[in-house]
Each structure stands twice: as structure tokens, then as C-alpha cells.
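**Q** Next come the chains, spelled out residue by residue.
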Amino acid sequence: DAGVTQSPTHLIKTRGQQVTLRCSPKSGHDTVSWYQQALGQGPQFIFQYYEEEERQRGNFPDRFSGHQFPNYSSELNVNALLLGDSALYLCASSLELGTGRAYEQYFGPGTRLTVT
Amino acid sequence: ILNVEQSPQSLHVQEGDSTNFTCSFPSSNFYALHWYRWETAKSPEALFVMTLNGDEKKKGRISATLNTKEGYSYLYIKGSQPEDSATYLCAFFGGSNYKLTFGKGTLLTVNP
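Just so you know, the protein sequences line up as chains A and B, in that order.
Under my numbering, the first sequence has 118 at position 109, and the numbering climbs by one with no breaks.
Under my numbering, the second sequence has 4 at position 2, and the numbering climbs by one with no breaks.
Incorrect hints may appear among the rest.
Stated by the list, open to error - A short, non-exhaustive set of chain B residues, derived as facing chain A with CB atoms under 8 Å: (1) L4; (2) S20; (3) T24; (4) K44; (5) P46; (6) L54; (7) K71; (8) Y74; (9) Y78; (10) K80; (11) A88; (12) G96; (13) T103; (14) G107; (15) L109.
Said to hold, decoys possible - Taking lysine-lysine pairs in the BS3-like style, the calculated list, with each CA pair at most 30 Å apart, reads: (16) A:K35 x B:K60; (17) B:K71 x B:K44; (18) B:K106 x B:K60; (19) B:K44 x A:K22; (20) B:K59 x B:K44; (21) B:K44 x A:K35; (22) B:K61 x B:K44; (23) A:K35 x B:K71; (24) A:K35 x B:K106.
Note that these hints are calculated values from the structure, not bench results.
All residues carry an ideal CB built from backbone N, CA and C; glycine is no exception.
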């Protein structure tokens, strides 16, 4: 049973560029959340996707956008990259239990983004 | 803005020592408290999801308690081993939204 996978593992971009990060959830999971972990911080919630819709968003600007596909995989897009976007980006999947809540989250290994 | 605090920030113990650390979180709108273990170069791994006041969970040498009225949870490791070295994260799941709010973590180093 494949766990959560993310690609690429590392990425170097220049200020102003755009980047797309990809996530495949654990088999059977239908909910995908994205987190940003900056140095010395805990993971910060970016947004969550369920049924191909953004269900909730954290305190991130519109430069951060996402998508969920019918197979539940997801992409995170960041436009007009800033130096401060350098971080580890984690994807987590979970199973919607029908109560409107997501429970235990399974994390991928992350994508390390460096903006120069 | 939700505040989830973890202490201590880091901890060095000797193999065989028992240790514990704290997570404090808002006591209102509580839905669940998660604990994760994050080893270097690996994915964060869920240890416990706790939902009830007074909950106690155990997995091997690791256990956790929960007090939702006062807004804290303790994680205990009995007889620490070098393989327990990791960052331990707690995360609060509030009652009105779908996001986990994480603390900054406690970095545990167990010396052989």
C-alpha cells in the first residue's frame, strides 16, 4: 500500500517564477491538505481539498493556489515566488469519515523549495 | 489566531531515561489533539489522535494524556532509546474548521 508521495523532492527557483508541486494521497484517501514548514516553525496550514474543491484556506495570499483531480491527487501552485516562500511543503491525506471532519493525517516526505 | 505551544523546545536525555513534554492549546472549540513523530529525512508519523477529556493513549513505550478543560496534553516516553530521537509535534483540531494548527515541536535527542 503506497503511502503519500510528493514530487519533486527538491526544487530551486528564482524570485518571480512560478512553481507546481504534486501530491498523490494514500490509497483510499479522499482529502488532501497542504502545509508550509519554514525553518524553526511548525507546519502552517495552506489549504485543504475535498471533492475537488478548496474547503478551507489558511492565512496565505492568493499567489498560493491548488487543485484536486478526480483521482484525489493534488497540486499546489505558487506564483510570483518570493525569497520567503523557501520552505518545506508537506502534503497530507486523510479520509473524510462522513461527519464533515478529517481525522488522522498521513504525511508525505515533503518538497524542499529554495527560492534564490 | 490559534496558539499551540510546545515545551521544551529541545531536550537531550540519556538512553534509558524517561521523559515528557507538554502541548498547550485553546480550551474552547476543542475537537481533537494530534501527536506526530517526525524523524529527520522522513515523513511526520501520527502517534495519537485524542478527542475526549481525560483520554490516555499508549503505543509501546510512548503514552499521552489529554486535559481539554485546561488545554494541555502530555507526551511521555518511558526508557528512551536512541531511535526515539525525533521532533514531536502536537496539533490542535478546532471545532469550527478543518485545519490542524501545529506547535513548533519538541526536538528530542537520546544519547546512547
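**Q** It remains to establish, for every hint, whether it holds in the given structure.
**A** Hints and how they fare:
no. : hint           : result
1   : L4             : 10 Å, violated
2   : S20            : 25 Å, violated
3   : T24            : 15 Å, violated
4   : K44            : 7 Å, holds
5   : P46            : 4 Å, holds
6   : L54            : 14 Å, violated
7   : K71            : 21 Å, violated
8   : Y74            : 17 Å, violated
9   : Y78            : 20 Å, violated
10  : K80            : 23 Å, violated
11  : A88            : 13 Å, violated
12  : G96            : 11 Å, violated
13  : T103           : 7 Å, holds
14  : G107           : 6 Å, holds
15  : L109           : 11 Å, violated
16  : A:K35 x B:K60  : 25 Å, holds
17  : B:K71 x B:K44  : 34 Å, violated
18  : B:K106 x B:K60 : 23 Å, holds
19  : B:K44 x A:K22  : 23 Å, holds
20  : B:K59 x B:K44  : 24 Å, holds
21  : B:K44 x A:K35  : 16 Å, holds
22  : B:K61 x B:K44  : 20 Å, holds
23  : A:K35 x B:K71  : 34 Å, violated
24  : A:K35 x B:K106 : 25 Å, holds
The structure fails to meet hints 1, 2, 3, 6, 7, 8, 9, 10, 11, 12, 15, 17 and 23 from the earlier list, while all remaining hints are met.
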